[in-house]
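With chain A fixed as given, assemble chain B onto it according to the hints.
Below, each chain spelled out in residue letters.
2 protein chains.
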Amino acid sequence: MNKIIKAKDYSIEFGPLLDSNFQNLLTQNYLNSKIIILVDENTHEYCLEYLITNYPELADAEVMLLPEGEENKVMEVCFQVWEALSEYKVSRKDLIINLGGGVVTDMGGFIASIYKRGIDFINIPTSLLAMVDASIGGKTGIDLGSYKNQLGVFSNPKAIFIDESFLQTLPKEEIQNGFAEMLKHGLIKDKNHWEKLVSLSKDKINLDLIYDSVSLKNEIVLADPNEKNERKKLNFGHTFGHAIEGFFLETEQQLKHGHAVALGILCETYLSYLKGKIDIAIYNYIHEIIESEFNLISIQEGDYDAIISLMQQDKKNQENKILCVLLTEIGKCEFDQEINREEIIEVLSEVLS
Amino acid sequence: MNKIIKAKDYSIEFGPLLDSNFQNLLTQNYLNSKIIILVDENTHEYCLEYLITNYPELADAEVMLLPEGEENKVMEVCFQVWEALSEYKVSRKDLIINLGGGVVTDMGGFIASIYKRGIDFINIPTSLLAMVDASIGGKTGIDLGSYKNQLGVFSNPKAIFIDESFLQTLPKEEIQNGFAEMLKHGLIKDKNHWEKLVSLSKDKINLDLIYDSVSLKNEIVLADPNEKNERKKLNFGHTFGHAIEGFFLETEQQLKHGHAVALGILCETYLSYLKGKIDIAIYNYIHEIIESEFNLISIQEGDYDAIISLMQQDKKNQENKILCVLLTEIGKCEFDQEINREEIIEVLSEVLS
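Chains as they are written, first to last, in the working numbering: chain A, 1 to 353; chain B, 354 to 706.
Honestly, the hints are just simulated from the structure, not real lab data. Yeah, the Cβ is synthetic: ideal placement off N, Cα and C, and Gly gets one too.
To list a few chain B residues with every Cβ distance to chain A over 10 angstroms, as calculated:
id, residue
1, I405
2, M417
3, P420
4, E424
5, T604
6, E644
In silico DSS-like pairs for lysine-lysine, Cα to Cα no more than 30 angstroms straight-line:
id, chain 1, residue 1, chain 2, residue 2
7, B, K387, A, K321
8, B, K674, A, K34
9, B, K446, A, K332
10, B, K446, A, K8
11, A, K275, B, K446
12, B, K628, A, K89
13, B, K511, B, K446
14, A, K158, B, K674
15, A, K321, B, K511
16, B, K442, A, K275
Quick list of simulated restraints, FRET-style, between CB atoms:
id, chain 1, residue 1, chain 2, residue 2, range
17, A, K93, B, D656, 22 to 32 angstroms
18, A, T251, B, D656, 51 to 61 angstroms
19, B, E605, A, E87, 21 to 31 angstroms
20, A, E87, B, N425, 14 to 24 angstroms
21, B, A412, A, S292, 51 to 61 angstroms
22, A, I4, B, A412, 49 to 59 angstroms
23, A, L18, B, E703, 51 to 61 angstroms
24, B, L418, A, L18, 48 to 58 angstroms
25, A, L65, B, L418, 32 to 42 angstroms
So that you can see chain A by itself, here it is in the shape it has in the complex:
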């Protein structure tokens, strides 16, 4: 029996897709529906056949290919899909299956939620990042220029199926990409989870660790689905992380989301020290772990203004103040912490010089 986590009004199921309720769901709810499968180039090549050959219900499904990568998580691509859905006369009773990483689940969820004011979608995340983070919690959306996830809606899938066998299709940097969010879940909420992750390192990720990470995120989301309070904790590492990611999105040297978040975690941990929330020893310890798992990069002083400008656009901000999550110990944090320009510069020059 696969393990199941109950989210707000849907389930997250862990284990082989073939042992899951996926087929039941298709036959019970979508027998007379059109089914659209959204894939990217990778999942089109490595994951789609598995679905099509195992589920006769999907024999007539329409497959739509999204271009690969964060730089394509944009309105133009959504628009093309909406036109295709209209052409294909997809109705409110039909279903979209998002088969892919975070870009596919974020953008596919958004596409489904806006089309005819919302049609059903199911997430089958195939990357570690999508399994532990992107596909969970109802945040759908796309980027607007360098502003990450600037456009979107809160909208839940009908179900999520997490089958770790898809991870075998991934290159190493994709595992790293999800590992940063798992570390974050430990740092903000569960010291035990953090220690398990650190002791195993990212090459040994297993379904139990994924389950634990999703449980932590789900608990936070259930307590505060629309991010009024508690859910803000999940943004730890993301005030700096999103700005760094957005900055590199405009350059030749692209940075994976998880890599940027790992750097963001480091910056915001140092900030926590700077603002007297933790000892330098905790920062040094976390620095050692992050450094062993991720390449640290350096940001030139001349680029600080661009980074700060991106941080000012962060969705968490209020009244022009830049707000941030700070650690108070490993496994605990505080949100809505105001930070200023001087602190940001001090952090960047200390951590990413």
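Below, chain B alone, put in the same frame as chain A:
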């Protein structure tokens, strides 16, 4: 004291804006917020100054001008506004005021609901159509090609203020535009309302009639906000109406929404007769009223396929069936009524030849 209707989690207030809670709302909730006012060319010219001069809270508001007309209720315009909002560093705590007709309230609500996964908005409808229909009920959205409101979300404003003095700025065809929806409210739910409207005709619309129309719509929406059942009744006249409107959107001869809905009401009333739901006498009576208020237009036989194709894309459809609302008497109707190609052709050739 202005009359107030309680909607799901917001209020609809009727009467002079200066006597309303508008100012309270601004000072209590948005004192430190950026305020954006979305207008179109007409409300920019005729309505904006009234707001700016009467409310010091709006002195620093940013005014954004949307291009006029249904053909501009499109993603491209939204995209420009989102870029401007980002540039202006609008945050989740800020406010958008939609000052305009149905295009402004539909599109402005959509823009606000998608930006950073949703910021607050207030509707101040200035056209009769927006007062009695578009701004009420939480449907926001834009068109996709000829498909009306194909993209959107259900999302409620923080408040709606209906001040009939704005109607004085409108040309006659704009009053007609809203009158069709008021007639519809009577036909589907309240014979008394229909009779009052018919006895007064559209030149004598007053705030009490607007209030009654909004009450009828609000009751239906409260019973079924996401249009699973009862709310479908509000689509009476819109299966044919939207298709006719969409068809003319692609031609030189543009048709106002309300005009298209009036023609749709006529078509669907005839269909109700065809399918044995009402006597021909009721159709003849309604025909007489509609003909006295709206110009009937004719559609060429060669264009029937285009109309039917648009009807197949209607959001109300299920499993490739075209569904429709049919009258059973004046003040009563049935939804989810299946209709076929032959019936559509018979109706078009009888009613709009």
